[in-house]
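Student: In order, the protein sequences belong to chains C and Z.
Mind the numbering: the first sequence is residues 20 to 140 in the numbering used here, read in order.
Mind the numbering: the second sequence is residues 160 to 265 in the numbering used here, read in order.
None of these hints come from the bench; they were simulated from the model.
Nothing false has been slipped in among the hints.
Calculated lysine-lysine pairs in the DSBU-like style (CA-CA distance at most 30 Å, straight line):
no. : chain 1 : residue 1 : chain 2 : residue 2
1   : Z       : 201       : C       : 38
2   : C       : 78        : C       : 32
3   : Z       : 204       : C       : 38
4   : C       : 42        : Z       : 198
5   : Z       : 204       : Z       : 261
6   : Z       : 261       : Z       : 201
7   : C       : 38        : Z       : 198
8   : C       : 42        : Z       : 201
9   : Z       : 198       : C       : 82
10  : C       : 32        : C       : 42
11  : C       : 82        : Z       : 204
12  : C       : 82        : Z       : 201
13  : Z       : 261       : C       : 82
Estimated spans, in silico, between C-beta atoms of each pair:
no. : chain 1 : residue 1 : chain 2 : residue 2 : range
14  : C       : 140       : Z       : 235       : 47 to 55 Å
15  : C       : 75        : Z       : 177       : 40 to 48 Å
16  : Z       : 160       : C       : 36        : 23 to 31 Å
17  : Z       : 263       : C       : 35        : 36 to 44 Å
18  : Z       : 261       : C       : 20        : 25 to 33 Å
19  : Z       : 199       : C       : 108       : 19 to 27 Å
20  : Z       : 177       : C       : 36        : 44 to 52 Å
21  : C       : 28        : Z       : 224       : 33 to 41 Å
22  : C       : 44        : Z       : 211       : 29 to 37 Å
23  : C       : 62        : Z       : 211       : 24 to 32 Å
24  : C       : 75        : Z       : 238       : 37 to 45 Å
25  : Z       : 199       : C       : 85        : 31 to 39 Å
26  : C       : 61        : Z       : 224       : 24 to 32 Å
27  : C       : 76        : Z       : 224       : 27 to 35 Å
If you only want the chain C side, here are some residues facing chain Z, beta carbon under 7 Å, derived:
no. : residue
28  : 63
29  : 64
30  : 66
31  : 78
32  : 114
33  : 125
34  : 126
35  : 127
36  : 128
37  : 130
Beta carbons: idealized from backbone N, C-alpha and C, even for Gly.
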Amino acid sequence: QVLLVQSGGEVRKPGASVKVSCKTSGFAFNIFGITWVRQAPGQGLEWLGWISTYNGNTKYAQKLQGRVTMTTDTSTNTAYMELRNLRSDDTAVYYCARGRGNYADYELGYWGQGSLVTVSS
Amino acid sequence: DIQMTQSPSTLSASVGDRVTITCRASQSVNDWLAWYQQKPGKAPKLLIYQASNLESGVPSRFSGSGSGTEFTLTINRLQTDDFATYYCQQYNSFSTFGGGTKVEIK
Numbered sequence: 020q021v022l023l024v025q026s027g028g029e030v031r032k033p034g035a036s037v038k039v040s041c042k043t044s045g046f047a048f049n050i051f052g053i054t055w056v057r058q059a060p061g062q063g064l065e066w067l068g069w070i071s072t073y074n075g076n077t078k079y080a081q082k083l084q085g086r087v088t089m090t091t092d093t094s095t096n097t098a099y100m101e102l103r104n105l106r107s108d109d110t111a112v113y114y115c116a117r118g119r120g121n122y123a124d125y126e127l128g129y130w131g132q133g134s135l136v137t138v139s140s
Numbered sequence: 160d161i162q163m164t165q166s167p168s169t170l171s172a173s174v175g176d177r178v179t180i181t182c183r184a185s186q187s188v189n190d191w192l193a194w195y196q197q198k199p200g201k202a203p204k205l206l207i208y209q210a211s212n213l214e215s216g217v218p219s220r221f222s223g224s225g226s227g228t229e230f231t232l233t234i235n236r237l238q239t240d241d242f243a244t245y246y247c248q249q250y251n252s253f254s255t256f257g258g259g260t261k262v263e264i265k
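Chain Z with its partners taken away, still in its complex shape (with noise of 0.2 Å):
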C-alpha cells in the first residue's frame, strides 16, 4: 500500500497569511493527487486534483503543485472559511488518504 504523509499535522494561522501543506508519498503517485478540505460534521469537498487541476468553483487562492511523491498545497491570503482540515489523497494505485491537516486560527 502506498502511504500518505502530511505534515504539518496542525498549522496556525491568521487571517491574510499564506498557508502551504506538503504531502509526501511513500513511492511516486506520479500526479494521481487531490486536495479535499473538511469542516466538522460535513463532508470532504474536493479542492485540486491531478496536483494541479482546480475544481470548479473553488477559489483561486487555492493552489496545488509537485508530482512524484512530494506535493504541496498552498492558500493565499487566508480566509476566515479556510480554518479547517485538509487531506491529500493519492489514486495512482487504489487509494489512500494523508493523516490531515488542520488550519486553526493563530
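Okay, chain C solo, but in the shape it has when bound (with noise of 0.2 Å):
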C-alpha cells in the first residue's frame, strides 16, 4: 500500500536549519508529484509547495521564496524539505503528502504522519 513515513520531531535554534525527510513506498517514485504542507500549533494547513520527482521542479510558496529547498532521491524514494534561518514562527507540524492518482498531484490524498519541528532558543 501506499505509504510515506517521516522522519521525527526536531528541535532548533532561531536562525538554524532543518531538513525533514519524507521516505515513500508502494508506488513508482518518480511519477507522483510530493506536496510540502505544515500547520502551525492550533492553527489552519498552509501549503509550502511541491515537487516533481520525475524531473526536480519546484514550486513554493512565496511567503517561503529563498527559505525552502525542496529535493528527492530516487535512489531511496525519498523527499525532502529543508528550511533555513528558522524563526519561531516555523514552529509546526511539516507534512509531506502524495496526489490521489494519476494527473491528481495536488488532491493530496495520501499523507505522512508529520514531523514537529520547534524552533525555540
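Need the complex rebuilt from these two chains, each delivered in its own frame; the hints are there to steer you.
Tutor: Shown next, in the form of C-alpha cells:
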C-alpha cells in the first residue's frame, strides 16, 4: 500500500536550518509529485510547495521563497524539505503528501504522519 | 496569491443535522477545489476533489458543489464521526488552504 513515513521531531534554535525527510513506498516514486504542508499549533493548514519527482521541478509558496528547498532522492524514494533561517513562527507540524492518482498531484490523497519542528531559543 | 475564505469558522450541530460550509476564493479557481477533514493529531483526509467528486471510500453523505469563486461542502445526516475540522484547498494557481471550519457538537 502507499506509505509516506516522515522523520522524527526536531528542535532548532532561531536562525538554524532543518531538513525533514519523507520516505515513500508502495508506488512508482517518479510518477507522483510530493507536496509539503505545515500546520502551526492550533492553526490551519499552510501549503508550502510541491516538487516533481520526475524532473525535480519545484513550486514554492511565495512567503517561503529563498528559505525553502525541496529535493528528492530517487535511489531511496525519499523526498526532503529543508527550511533555513528558522524563526519561532516556523514551529509547526510539517506534512508530506501525494496526489490521489495520475494527473492529480494536488488532490492530496495520501499523507505522511507529520514531523513536529520546534524553533526555540 | 489566491486567498480562500471559509465560513463559518465554527459550527455547532447535532447528530442527524445537515450542515453546509462555504469557501470563497479571491479570484476564480474554476473547479480546482478540494475539501479535507482533519481530526486532532491526525493528517487531513481528502473528501472531495475537483469541487464535486467524492473520493473513493468517503461516505455519500458528503457532497461538494460550486465553481469559480464560491463553493460549498454539505454533510447530510451528520454522524458522530463527522465532528472534525474541514478545510478547502484551491489548486488552480499553486495552492492555498482555507482557514478551516470546526464542526462541534451542539
